[in-house]
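Here's the letter readout for the chains.
Number of protein chains: 2
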Amino acid sequence: MPRRGIPKQSADELVRQLLELLPDESVLFGEEDQHPYECDGLSAYRQMPRVTVLPENVEQVQAVMRLCHRMQVPVVARGAGTGLSGGALPNPDGVLLSLAKLHNILDIDPIGRIARVQPGVRNLAISEAAVPFGLYYAPDPSSQIACTIGGNVAENSGGVHCLKYGLTVHNILKIKLVTPEGELLCVGSEALDSAGFDLAALMTGSEGMLGVFVEASVRLLPRPECVRLLLAAFDDVEKAGAAVGDIIAAGIIPGGLEMMDRMSINAAEDFVHAGYPRDAAAILLCELDGMRQEVDEQAEQAADILHRAGATEVRITRDEAERTLLWKGRKSAFPAVGRLAPDYYCMDGTIPRRHLPKVLRRIGELSKEFGLPVANVFHAGDGNLHPLILYDANISDELARAETFGGKILELCVEVGGSITGEHGVGMEKIDQMCVQFESAELSQFHAIKHAFDPDALLNPGKAVPTLHRCAEFGAMHVHAGQLPFPELERF
Amino acid sequence: MPRRGIPKQSADELVRQLLELLPDESVLFGEEDQHPYECDGLSAYRQMPRVTVLPENVEQVQAVMRLCHRMQVPVVARGAGTGLSGGALPNPDGVLLSLAKLHNILDIDPIGRIARVQPGVRNLAISEAAVPFGLYYAPDPSSQIACTIGGNVAENSGGVHCLKYGLTVHNILKIKLVTPEGELLCVGSEALDSAGFDLAALMTGSEGMLGVFVEASVRLLPRPECVRLLLAAFDDVEKAGAAVGDIIAAGIIPGGLEMMDRMSINAAEDFVHAGYPRDAAAILLCELDGMRQEVDEQAEQAADILHRAGATEVRITRDEAERTLLWKGRKSAFPAVGRLAPDYYCMDGTIPRRHLPKVLRRIGELSKEFGLPVANVFHAGDGNLHPLILYDANISDELARAETFGGKILELCVEVGGSITGEHGVGMEKIDQMCVQFESAELSQFHAIKHAFDPDALLNPGKAVPTLHRCAEFGAMHVHAGQLPFPELERF
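Here the protein sequences come in this chain order: A and B.
FYI, in the UniProt record's numbering the residues of the first sequence are 1 to 492.
FYI, in the UniProt record's numbering the residues of the second sequence are 1 to 492.
By construction, these hints were calculated from the structure, which means they are not laboratory data.
A couple of the hints might just be wrong.
What the hints assert, rightly or not - Distance condition first, Cα-Cα at most 30 Å in a straight line; then the derived DSSO-like pairs of lysine-lysine:
hint, chain 1, residue 1, chain 2, residue 2
1, A, LYS164, B, LYS174
2, B, LYS174, A, LYS176
3, A, LYS239, A, LYS174
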């Protein structure tokens with residue numbers, strides 16, 4: 001990559017020292033070069049880093065960390081930048097550390113069912129490399145074609161199949177990481193158990209606050225012999241919510257179990273023509289995987305349960321084309337709903353699934369109280385809600401009403417024992433809501449953990465864990481034409 | 001419980017203050033009263049605590065912790081005392097805090113598939129309470145009839161079925177704990193995901209070093225419709241080891257996959273007459289569970305694989321009586337082997353399963369080199385080894401040879417990427433071997449974590465994580481007539 005006319009002698013001391021550690025093309029400090037790194041998937045937050053580095057090996061990562069530690073410069077690690085909570089937003093005074101060049105699959109062990117990979121390996125690439133062994137890597141965030149395993153570990157990514165196969169934390173065995181001091185740590189074990197505190201689990205979901213991941217050993221699973229998708233239509237949202245519990249209570253563990261309400265169904269139909277029943281109040285998409293006989297048997301059982309739960313129609317897909325089309329509607333639901341109103345306010349919380357009917361009913365009541373429509377499209381089996389509140393910021397007080405409404409939904413999640421986060425991490429986006437979720441005792445403990453790994457607070461400062469000082473109120477995410485009217489990045 | 005003649009006025013200040021916080025019968029300070037608490041399942045380590053308390057509710061636990069914090073008195077938490085690594089060994093200057101009176105199942109949620117229980121609830125009692133819902137709690141340490149969930153969480157307990165269903169850490173959702181300062185913390189979430197650092201996973205396996213657990217929400221699973229056990233005989237240990245990998249590589253995930261070598265087989269046969277083939281060099285016990293059709297299909301497939309791997313005989317159980325008898329031999333293998341020699345030296349380590357044949361061969365070679373017989377009986381699917389080195393401490397240098405031999409086996413586990421721990425925790429027993437497993441960078445990080453939760457080092461001091469100072473050499477466990485010739489508890 002050319003330096004684009006910025007002479008070395010004009011760079012500051014940090015850049016000069018980085019250029020001594022790394023090849024020239026691995027140190028970016030001009031505005032144009034760094035443009036691709038100024039935001040992640042939450043594109044409304046933008047911040048140019050002081051300098052961007054792309055080390056080519058672990059030793060270079062260590063050298064960068066040692067330098068930054070010596071100079072007390074903040075470091076933000078970055079995978080593919082597909083995160084949705086602003087976790088990889090650069091720090092204006094710091095180094096943006098891209099792991100993109102550490103992109104090798106180091107080893108696949110079919111007997112241990114383990115892949116050992118560098119952090120910049122794409123999620124889907126692991127499964128592709130495991131095809132010859134009949135194996136795959138289960139967690140499948142919707143960005144899996146682009147997102148990298150380093151980012152997945154940092155955010156504890158989920159996906160449609162985490163109901164059955166768990167989150168990233170359940171599929172990670174061992175992690176190598178570089179500390180803020182530049183030391184290499186190896187936590188967890190490829191063997192079943194690991195001695196000492198479970199630092200591999202602690203690392204997973206730590207959002208770049210505790211170390212820079214440079215290698216991960218992940219668990220692989222046998223590919224299922226057979227996959228079928230069921231679509232069930234309901235004339236009532238609560239009935240659909242209750243049916244989710246019925247399926248689980250019957251001992252079935254679907255690969256995925258998704259729900260869409262009427263507004264989402266019709267928005268998706270208008271957008272991609274998936275063949276959904278437009279007159280349904282809600283649909284469930286229930287995917288079953290396993291051995292053929294088992295799947296066929298469970299599909300019949302699930303269809304029975306859905307009928308008994310009041311489904312007006314149940315379809316079982318018989319081929320891949322049918323299955324792909326039904327998923328297409330679900331996967332395009334967000335942009336489809338986005339066409340219905342000038343603005344929408346996207347909430348993301350998780351509740352224990354037994355409370356689905358109650359919470360859905362309450363959201364419906366709140367929708368009437370606040371006079372704002374809501375579209376529900378979400379991972380029902382996981383209790384991971386994504387209510388989309390539609391509003392128009394140009395109409396006086398609608399934004400304020402949407403905000404209060406969204407706040408009520410989050411409070412409801414916490415009230416029933418749920419979580420203010422779904423699968424996107426906290427990052428910048430939800431840092432205020434951490435104050436709703438946790439008491440000061442838990443927050444203080446988070447800070448103690450942070451201090452135990454990063455006493456100088458150099459790693460991804462200002463993300464994921466709010467200061468107690470900040471916890472006076474909570475904010476939430478408002479979307480207007482893809483832009484978020486958020487305050488500037490606050491350093492703390 | 002009567003006070004047995006020790007007047008309150010003779011008790012020290014700590015005891016007097018505890019008696020103000022708790023009912024009289026919940027504070028034990030006489031030698032006779034405290035006798036049951038002086039050791040856990042590793043009975044060769046014995047130590048009388050200064051005082052034993054049995055609080056009846058969370059508030060009393062908090063009050064005890066606040067008092068101990070104020071007086072800077074060490075606290076050792078204890079469940080049922082069935083642990084095998086001395087993790088619950090009392091501290092002579094401290095309080096032994098039994099959670100036995102917190103033994104209520106608080107809630108079972110069949111839709112969320114979650115049981116919320118107090119720490120003193122027995123492992124098996126959870127599954128028993130879940131029977132009406134067709135559910136059970138999967139981790140099944142062999143002590144499951146007696147051991148409690150608090151201890152299971154502290155030790156990250158395993159069991160025969162952790163190959164398929166994971167360790168305790170994979171089955172715990174939320175933990176309430178009391179800090180050394182007496183504060184109540186709630187970590188994890190009954191919802192799928194939890195915001196902030198994954199402190200619930202960090203707590204699991206922390207061996208009483210980070211907090212006192214007062215409540216756990218555990219995941220329940222649907223009971224399998226059908227269970228079958230296969231027995232496969234081999235004329236060669238390495239072939240049996242390779243067959244383990246073949247089964248896994250074929251995409252089968254057995255509920256359990258156990259291995260016994262000739263010496264174990266014959267010792268078990270002499271002891272309980274399980275019907276094992278006495279002339280086999282090794283047997284595998286492979287349990288399959290799931291839906292009936294699936295299990296039948298997989299049993300046939302596994303039998304084929306075992307035959308192709310060189311099995312001289314494969315049996316598939318058809319009823320519970322047959323299955324129970326075959327398991328009885330496995331479960332009595334340790335005491336059975338114990339009858340073959342005056343002393344045995346029990347190792348417990350885990351290796352990646354692909355290295356099973358190599359490690360088994362190397363153990364056989366070492367057995368010849370050292371002139372000491374070894375019996376192997378272990379969780380083969382998990383790569384969790386339990387070599388039992390037979391020796392006679394009355395014969396000059398046999399103890400020293402057994403010790404060196406055992407050390408070689410542990411080094412071998414670490415060398416192939418395994419772990420010095422299996423499923424029993426580190427406790428007192430393996431604290432020296434932690435120095436083999438970890439570099440000082442990792443050990444320092446463990447200390448930083450400990451400091452983040454327990455800066456005064458009051459919780460279970462001297463267990464699980466060695467000081468760097470201690471890491472000059474490692475020891476191991478020698479059994480002579482059930483007694484361990486270990487040095488006195490070292491405070492550090």
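These are the hints, each one checked on the structure:
Among the hinted pairs, LYS164 of chain A with LYS174 of chain B is consistent with the structure: their alpha-carbon atoms are about 19 Å apart, no more than 30 Å. Proximity of LYS174 of chain B to LYS176 of chain A is assessed by CA-CA distance (about 27 Å); at most 30 Å being required, the pair is judged to hold. This hinted pair does not check out: LYS239 of chain A and LYS174 of chain A have alpha carbons roughly 42 Å apart, beyond 30 Å.
The structure shown violates just one earlier hint, number 3.
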